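**Student:** From the two separate chains plus the hints, produce the assembled complex.
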Amino acid sequence: MPKRVALPLSEKTIKDLRAGDAVVLTGVLYVARDAAHKRMVAALEEGGKLPFDIRGQTIYYMGPTPAKPGRIIGSAGPTTSGRMDAFTLPLLAAGLKGMLGKGMRSPEIKSAMKSRGAVYLAAVGGTGALLGQHIRKAEVIAYEDLGPEALLRLEVVDFPATVINDIHGGDLYQEGKARYRISR
Amino acid sequence: MREISAGAVTGTVARLFQEANFELAEDVKAALRAALEREESAEGREVITRILENAEAAAREAVPLCQDCGLAVVFLEVGQEAHIVGGDITAAVNEGVRQAYREGYLRKSAVRRPYSARENTGDNAPAVVHTEIVPGDRIKITAMPKGAGAENMTRLAMLTPARGRRGIIDFVAETVDRAGSNPCPPLIVGVGIGGTAEKTMLLSKKALLRPVGEPNSDAEAAGLEGEILETVNNLGIGPMGYGGRITALAVHAEVFPSHIGSLPVAVNLQCHCARHKSQVL
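Chains as they are written, first to last, in my numbering: chain A, -11 to 172; chain B, 160 to 440.
FYI, nobody ran anything at the bench for these hints, they're computed from the structure. The structure displayed is predicted, hence computed values, not measured ones. Positions of the beta carbon are idealized from the N, C-alpha and C atoms, including for glycine. A hint or two may mislead.
Going by beta-carbon spacing under 7 Å, a handful of chain A positions derived as facing chain B [claimed, not checked]: (1) Gly116; (2) Gly157; (3) Ile170.
Just chain B, same shape as in the assembly (with noise of 0.2 Å):
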């Protein structure tokens, strides 16, 4: 048993949320660069030459890439050999959130009673923690402010297996047109293919985590997210709407066998602002 305090997830999670507030990875800004040579749309390059000049201001600065700061998603992986010590591993992620947002000047946009009063927590606690039990001694915190914009165009669908690989292309290019200019294009489209409907969900908010434009290790699936890429490319929508041929900088499909009987496909959208940040105690 390797013992990992409390207080050192609670910092963790404070920085993280900062460090993914004001600073764009490289991953997306070297795909921000590669668009821009290739957007034939001198308005969607001026929109992607803005999008790299923020992400300057904002680092410089230290002040957020986007006001919307997001709702605080964290994933934990943590060891099975690991002990936390000093107290609730959740309570201890929420108290990094509210660090987080007090100390980093972030938006709060979390609110109690969605279905009514809609009061602002204040602190942007809770955050929605998703925790998986893994090998080791170790515990890694991923740290994904996710904004409202790109989330709300999220899609699910329970396809039948006579679909196939033709009716989840359709599928994800239909919401990606759907959404047209709200979710802040261009995108990072999160694919979740296979297993329930909660399992395909989850699997495609964990695909925006893998570096923009990695493909899937298995070729297959490689090459299907190749497809729905140059699909959804050909739709025009364009950086932030404005008409283009970057629409996407990367679709990311992740796959979970399915039921006999089903083909859960879910969609979830990342903005340009792309913002997640690991570390591992």
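Extracted from the complex, chain A is given alone in its bound form (with noise of 0.2 Å):
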């Protein structure tokens, strides 16, 4: 069974999660990616406010699918974490906790993960019509000229994940490689 987790993530619960953990999400996600990404951290180089507070906060790399009318949202699974390292130390500086994508991060990021206690979970990339039925609101927050790469807030309800990077320096897509690779 997994573990149902609520966020904004406690320091309990990001101490307790471990790397390979199953859990369902229910509370509040920011969403962004790229483009949202670099005007937050040119935000923060300016000496200015992000669009919400940060701090404590799990954010979603995605961008959705149109939503068709009268529904809250369109397909909606993750990208590619890795594109995010590039603009992630700023942001786990400012406070956040949690990343959810799919892909592997650098080990500089890695690192600052560890030290700054935020955890990296993943959801299962090409499902995103399933992990939309999980999201029950959705509003642009900001950067609402970037399209499908607006800064969204979204409200979930046990929504699916695994955790890849806990605080603890475990690695799922490391030790789940490990276990089952066979040398030749």
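**Tutor:** This is the structure in structure tokens:
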């Protein structure tokens, strides 16, 4: 059974999470991908404020398809997180505690997550039609001109994910691969 | 000469891109079901089960399988006896892409000036169009929405001929290993071998259009595909990189003669959400 996890993440929850844990997330996620990250980091560099209070929050790396009439959101699965590595250090420094996407993070980001007490989770890429069903509310809170890359605030219920990097140094991508690797 | 209207091209392109985004093809589903039987890792089986459930949900609700509805890649095989009337064929294709992405509520993922402003073109045009003149009086249109996650893991190597078969296997395996979880495994691995740099790149992409798991018609090339598949699946990456036996559903290699001094190899990866639809007009 997956662990039930409330968002924003508490310090205790973060401590308890282990790489490989299946979780279901309920609460608030902020959505940003490449272009929104570029703007957020530029805002921080200029000494400005972010469009939301990032302390303790979790960012979902995602750019949804447009909602059909009467729907909350369209397909809404994770994008490749590694592209956000270039923007992640200042966000961790500003208090970001969780990241949700898919794919590997750089050694630099993994080490920063450990020292800042932040976790990295993944959802199953290419299952946006299913994942969208766990989103109960979606609103654009900034950068509307970026279209599919706008900054969103989501409310999710039982959103399925897997812990990839915990704060204790666990890394599911490395451990999983090592478990099944056959060397010739 | 047989006349084919530009309007028919537009309508077909519009329909194919929507179908490709909403419906996971039967060959991919069959390969995933077979993979579910062979996968030893519980996490891997869970991932494959979710992928199959997602396909059902997407088809039922006409919601895209994946939020990355791709850059629009179009292959045109134009019969030399076919005559396009009523407009420019490239413009007709781009209009079809615009219609598909607007009417299907697909995500528009194309940006102009990619080196600077990266402004969304707003309609997912222009398409990347590959045209080939072939015998006959028909036009075959293939729509392939290609997501960035897998495409970004593409690699090309101009190997020395001395590297040979072993060099090819090692290069493909290294490419898949480095890509890890990024391209959304289980993958279909497209391999181009021979020709020039751009020829082998195109071969690696065309290889992805073959029905999943159908071997190359040449027995020796099919044997190479099998050996690469085994090597790739021994990497242990598994579905979505959580660890497991099934990193790739299939390896498809397309081969062309090369220069006496070259051994070009290209790897183009396809995520499990393998989308392409064709229609002959």
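**Student:** Against this structure, judge whether each hint is valid.
**Tutor:** Structure-based check of all given hints:
1. Gly116: 4 Å, holds
2. Gly157: Because about 17 Å separates Gly157(A) from the closest Cβ in chain B, which is outside the 7 Å limit, the hint is violated.
3. Ile170: This interface hint holds because 4 Å falls under the 7 Å limit.
Hint violations for this structure: number 2 only, all remaining hints satisfied.
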